[in-house]
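*Asks:* Spelled out from the first residue to the last, the chains are:
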Amino acid sequence: MSLKLYIDWLSQPSRFVSIVLNILKIQHEVVEIRIAEGKQRTPEYAKINPYRKVPAIVDKDGYQLAESHAIIKYIIKSRNIKTTLYPDNPQESAKIDEYLDYHHTGTRKLSQYFFNLIVAPKLGIETTVNLEQAKKEAILALKFLETKFSTQDYICGKEISLADISAYCEIMQLHMVNWEFQKYPNILSWMKRVEQIKEVNQGHEVFLKIVQKIRNKPKL
Amino acid sequence: MSLKLYIDWLSQPSRFVSIVLNILKVPHEVVEIRIAEGKQRTPEYAKINPYRKVPAIVDKDGFQLAESHAIIKYIIKSRNIKTNLYPEDPQQSGKIDEYLDYHHTGTRKLAQYFFNLMVAPKLGIETTVNLEQAKKEALLALKFLETKFSTQDYICGKEISLADISAYCEIMQLHMVNWDFSKYPNILNWMQRVTQIKEVNEGHEVLQKIVQKIRSKPKL
Chain S
1 MSLKLYIDWL SQPSRFVSIV LNILKIQHEV VEIRIAEGKQ RTPEYAKINP YRKVPAIVDK
61 DGYQLAESHA IIKYIIKSRN IKTTLYPDNP QESAKIDEYL DYHHTGTRKL SQYFFNLIVA
121 PKLGIETTVN LEQAKKEAIL ALKFLETKFS TQDYICGKEI SLADISAYCE IMQLHMVNWE
181 FQKYPNILSW MKRVEQIKEV NQGHEVFLKI VQKIRNKPKL
Chain W
1 MSLKLYIDWL SQPSRFVSIV LNILKVPHEV VEIRIAEGKQ RTPEYAKINP YRKVPAIVDK
61 DGFQLAESHA IIKYIIKSRN IKTNLYPEDP QQSGKIDEYL DYHHTGTRKL AQYFFNLMVA
121 PKLGIETTVN LEQAKKEALL ALKFLETKFS TQDYICGKEI SLADISAYCE IMQLHMVNWD
181 FSKYPNILNW MQRVTQIKEV NEGHEVLQKI VQKIRSKPKL
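So the sequences go chain by chain: S and W.
For the first sequence, the numbering used here gives the first residue as 1, with consecutive numbering after it.
For the second sequence, the numbering used here gives the first residue as 1, with consecutive numbering after it.
If you're looking for bench data, these hints aren't it; they were derived computationally from the structure.
Even glycine gets a Cβ: it sits at the ideal position worked out from N, Cα and C.
A hint or two may mislead.
[Claimed, not checked] Computed footprint of chain S on chain W, listed as stretches where at least three residues anywhere in the stretch have a Cβ under 8 angstroms from a Cβ of chain S:
1) 92-102
2) 149-160
3) 176-190
[What the hints assert, rightly or not] Pairs of lysine-lysine, DSSO-like flavour, derived with a Cα cap of 27 angstroms:
4) S:K135 with W:K60
5) W:K53 with S:K136
6) W:K136 with S:K135
7) S:K148 with W:K39
8) W:K47 with S:K53
9) W:K39 with S:K136
10) S:K47 with W:K183
11) S:K148 with W:K136
12) W:K39 with S:K47
13) S:K158 with W:K77
14) S:K136 with W:K183
15) S:K148 with W:K47
16) W:K39 with S:K143
17) W:K143 with S:K158
18) W:K158 with S:K53
19) S:K136 with W:K82
20) W:K82 with S:K47
21) S:K136 with S:K82
22) S:K77 with W:K183
23) S:K4 with W:K183
24) S:K143 with W:K53
25) S:K136 with W:K135
26) W:K53 with S:K158
27) W:K136 with S:K158
28) W:K53 with S:K135
29) S:K77 with W:K77
30) W:K136 with S:K39
31) W:K60 with W:K4
32) S:K39 with W:K183
33) W:K136 with S:K122
34) W:K47 with S:K183
35) S:K82 with W:K82
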């Protein structure tokens, strides 16, 4: 039995896990769980992940885990991987943890805006999110990073880390809504640095195709 | 220079850090940053924590860190602390990380509901949160834990962990709005187990007093 990764390419945390597993050269089998088709709500999937979300893994011995950041840290610890994406040094890993925790209620607001503005209407999904509020929170998240990148190349300093990859998967979604990135030149430069990594681009191929399809659909 | 912890007793993640530092017997100095008085917005505090939130620490060598879960994991790693609250085994710590990540958009919804229902009106703070939506999300978070405690004593299994302490600090706030816990007997039992730990109760003394004062204030 191999390591199985359950994902939806439309899901930012799913792409994060897939990309990092590939960078770290961790062999795994990808299983698609399509949210738009409600596949995360089946009883079968609930046995894999009671949180009914993606991503999730089932390791070789049957061990199950959800939450993208927890998954990657588990893989690094259990395989005893040495990587500059998440160094052993407690102060360096702490700064990455600090960003990854902030991410849930910070940068992740971009998904809320992106999903509710472009994806949900096309898929006929009703949402209760206030779009103006979601946009404000998205702008705050971007401002925070724009300021950070005025003094350093990556979120946690001079080297790319898990923080940058998780953040990139969120922020790149804004290309899909024709976001005015010219107001965020530091973020644009940082995105180009992150895109130097081939696994990052590979991880977005399917996403880009899906979003093009969605954009071409007539509104329901 | 000692380890400094910057907190507000009204803040759930602040209490979490304070309680765990005390359980682990890590000496530290507590500095109060009162959110209600806007103290997190001063330029002085921004130098300590650019995220302008509590909790935050400044370690003996000047290392600064925010985010309650990141802070505690850093303390455990940097002091090389062995504790059942966060075992070294990757599968055990994986499950605790999984809960702590979920917490930000799961159990933490209780704080949103509690703060917006009870604290903000008394302090004259305007919020944009839809209270009905916040209540729904709070109910979902409670249901999830109620189900979990039907098969195990603690969030991650047979032993108490960081997950339980973080969750407890959120859930106990509902006592302050006279929440109908009779519908959640498993959660009530779990809360009784958690409050066996004296540091947990000590960490809530100040909150209990503050909330009594707030409840006694005439509405603005």
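*Asks:* For the pair supplied as a hint, K136 of chain W and K122 of chain S, confirm whether the alpha-carbon distance does not exceed 27 angstroms.
*Replies:* Answer holds: K136 of chain W to K122 of chain S is near 25 angstroms, not above 27 angstroms.
*Asks:* Checking one constraint from the list: CA of K53 of chain W to CA of K135 of chain S, max 27 angstroms. Satisfied?
*Replies:* 21 angstroms, holds
*Asks:* Holds or violated: K136 of chain S with K183 of chain W, Cα cutoff 27 angstroms?
*Replies:* 37 angstroms, violated
*Asks:* Run the distance test for K135 of chain S versus K60 of chain W: straight-line Cα separation, threshold 27 angstroms.
*Replies:* Outside the cut-off at roughly 39 angstroms; violated.
*Asks:* Does the structure keep K39 of chain W and K136 of chain S at a Cα separation of 27 angstroms or less?
*Replies:* 23 angstroms, holds
*Asks:* What's the verdict on K136 of chain W and K135 of chain S, does the C-alpha distance respect the 27 angstroms limit or exceed it?
*Replies:* 23 angstroms, holds
*Asks:* Can you take a look at whether the stretch 92-102 of chain W is actually covered by chain S? Rule is 3+ residues, C-beta closer than 8 angstroms.
*Replies:* holds (count 8)
*Asks:* With the threshold set at 27 angstroms, check whether the alpha-carbon distance from K77 of chain S to K183 of chain W stays at or below it.
*Replies:* At roughly 39 angstroms apart (the allowed maximum being 27 angstroms), K183 of chain W and K77 of chain S break the hint.
*Asks:* Is K136 of chain W close enough to K39 of chain S, meaning Cα to Cα at most 27 angstroms?
*Replies:* Holds - the C-alpha atoms of K39 of chain S and K136 of chain W are around 23 angstroms apart, at most 27 angstroms.
*Asks:* Are the Cα positions of K143 of chain S and K53 of chain W separated by 27 angstroms at most?
*Replies:* 16 angstroms, holds
*Asks:* Has the given pair, K148 of chain S with K47 of chain W, been kept, meaning a C-alpha gap of at most 27 angstroms?
*Replies:* Given that 27 angstroms is the threshold and the Cα spacing comes to 14 angstroms, the pair holds.
*Asks:* When you check the alpha-carbon spacing of K53 of chain W and K158 of chain S, does it fall within 27 angstroms?
*Replies:* Given that 27 angstroms is the threshold and the Cα spacing comes to 25 angstroms, the pair holds.
Taken one by one, the earlier hints fail for this structure at numbers 2, 3, 4, 8, 11, 12, 14, 17, 19, 20, 21, 22, 23, 27, 32, listed in ascending order.
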